[in-house]
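Engineer: Sequence:
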Amino acid sequence: MTKVLLIGGTGKLGRAIIIELVKNKWDIALLIRHPNQRAIESEHGLTFFEGDILKPNSIEVAVSWSDIVINVSGYVSYKKDLNKLRAINVEGTENIVKACEKFNKKLLHTSSVVIYGSTINPDVLNEESVPVVSYKSAYAYSKIEGEKIVLDARIPRIILRPCSLISNEKSTVKNLYKFYRKGFVAGLKGGAGFALMEDVAKAYIFAIERLILQTSLKPQIYNLGGNNLKISEVFECFKKLDKRSTIYLPAGIMLFLSLFNDKILYPLFGKSLITHENFLTGNHFIYVDSSKARKELNYEITSIETSIRRIIQCSEEEEHYFNKEE
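According to full-length UniProt numbering, the sequence shown is numbered sequentially starting from 1.
Hints may contain errors.
[Stated by the list, open to error] Calculated pairs, PhoX-like style, for lysine-lysine (alpha carbon to alpha carbon, straight line, at most 20 Å):
#  : residue 1 : residue 2
1  : K218      : K102
2  : K79       : K263
3  : K182      : K271
4  : K218      : K292
5  : K136      : K84
6  : K240      : K230
7  : K80       : K25
8  : K218      : K98
9  : K230      : K263
10 : K98       : K174
11 : K218      : K12
12 : K189      : K148
13 : K148      : K218
14 : K174      : K84
What the hints contain is simulated information worked out from the structure, not anything from laboratory work.
This one's a predicted model, so the numbers in the text were calculated from it and none came from an experiment.
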């Protein structure tokens, strides 16, 4: 029985991957940092190891136990948390790679489409593309550096590059919908790929199956993109499925809000409306071609309308629950 170690299983994508993992006949274990995270083990009946990717020695027992390591750990931030971005996305990845090399274990690593950087034009990029980049966030630089460590590794490995994930929890689309429900439409000129969390999680299972058979040290890379849409098209979908009066906030006002956010709102009150990095990212494009993953990982992309209907339904249920509690 193949032993699969999941690192980052307590995150949103990690939890979605667990749901898919338990459907298969593998021996599955999670790396957790704290004993109180064992609740996820009791729910699915999984094995667990305690360890922290920032403490290299603490993860060696877990890695040595496994046949395949899935790294879904990562930190996403557009607030310029440079130290934390580097610690988790770069140093943590390096520690995982070193442990896998030490014990000769195969690695399935989670990167991101942000490694391509953002473009002015809506060019659709494949795994071999070298785009003309006009903007990269601090988050993008940390993922680029982390991915390079994996590319240079001396073990069989697959790299998956998910796009912006849609979930009922915190996500870009959920945040945009919250903005819309407050009566506003953001005048952002860019776009991105949006994919349902569960669709991406299912692709990991097929990637594991490929990695089990892989002996080559040449890395395999797959884009897990989604519906390539302008931000304005996402708001149009909101209007179609949830009609309400809104106020359009042009790019100039969004720029002012982002600067106010970074200079006053976040530093003084710890709250964030839209960071300047969010603003810059939202005015550029990251569109990718996922045809390779469709062909080799059976990757399927749910329509944006179906995905947004789920967001709307979840938001209505949350609102009903809080109103009932009050």
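Engineer: Does the alpha-carbon distance linking K230 and K263 stay inside the 20 Å limit?
Structural biologist: Not satisfied, since the Cα-Cα distance of roughly 28 Å exceeds 20 Å.
Engineer: Within a Cα-Cα threshold of 20 Å, do K189 and K148 meet the stated pairing?
Structural biologist: Between K189 and K148 the Cα gap is close to 30 Å, so the pair fails against 20 Å, i.e. violated.
Engineer: Would you mind confirming whether the straight-line C-alpha gap from K240 to K230 stays at or under 20 Å?
Structural biologist: holds (15 Å)
Engineer: Tell me if the straight-line CA distance from K148 to K218 falls inside 20 Å.
Structural biologist: With Cα atoms ~13 Å apart, K148 and K218 stay inside 20 Å; holds.
Engineer: Please work out if K218 and K98 have their alpha carbons no farther apart than 20 Å.
Structural biologist: Holds. K218 to K98 sits at ~17 Å (cutoff 20 Å).
Engineer: Assess, step by step, whether the Cα of K98 is no farther than 20 Å from the Cα of K174, and give holds or violated.
Structural biologist: Since the Cα atoms of K98 and K174 sit roughly 36 Å apart, the hinted pair is violated (cutoff 20 Å).
Engineer: Checking one constraint from the list: CA of K136 to CA of K84, max 20 Å. Satisfied?
Structural biologist: holds (17 Å)
Engineer: Please work out if K182 and K271 have their alpha carbons no farther apart than 20 Å.
Structural biologist: Holds: K182 and K271 sit about 17 Å apart, inside 20 Å.
Engineer: Holds or violated: K218 with K102, Cα cutoff 20 Å?
Structural biologist: OK: K218 and K102 at ~18 Å, within 20 Å.
Engineer: Given the proposed pairing of K79 with K263, does the C-alpha separation stay at or below 20 Å?
Structural biologist: holds (11 Å)
Engineer: Between K218 and K292, is the straight-line Cα distance small enough, at 20 Å or below?
Structural biologist: Measuring from Cα to Cα gives roughly 16 Å; hence the hint holds.
Engineer: Just to be careful, I want the Cα atoms of K80 and K25 compared with a cutoff of 20 Å; is the pair within it?
Structural biologist: This hinted pair is violated, its Cα atoms lying about 41 Å apart.
Checked against the numbered hints above, the structure violates hints 7, 9, 10, 11, 12, 14; every other hint is satisfied.
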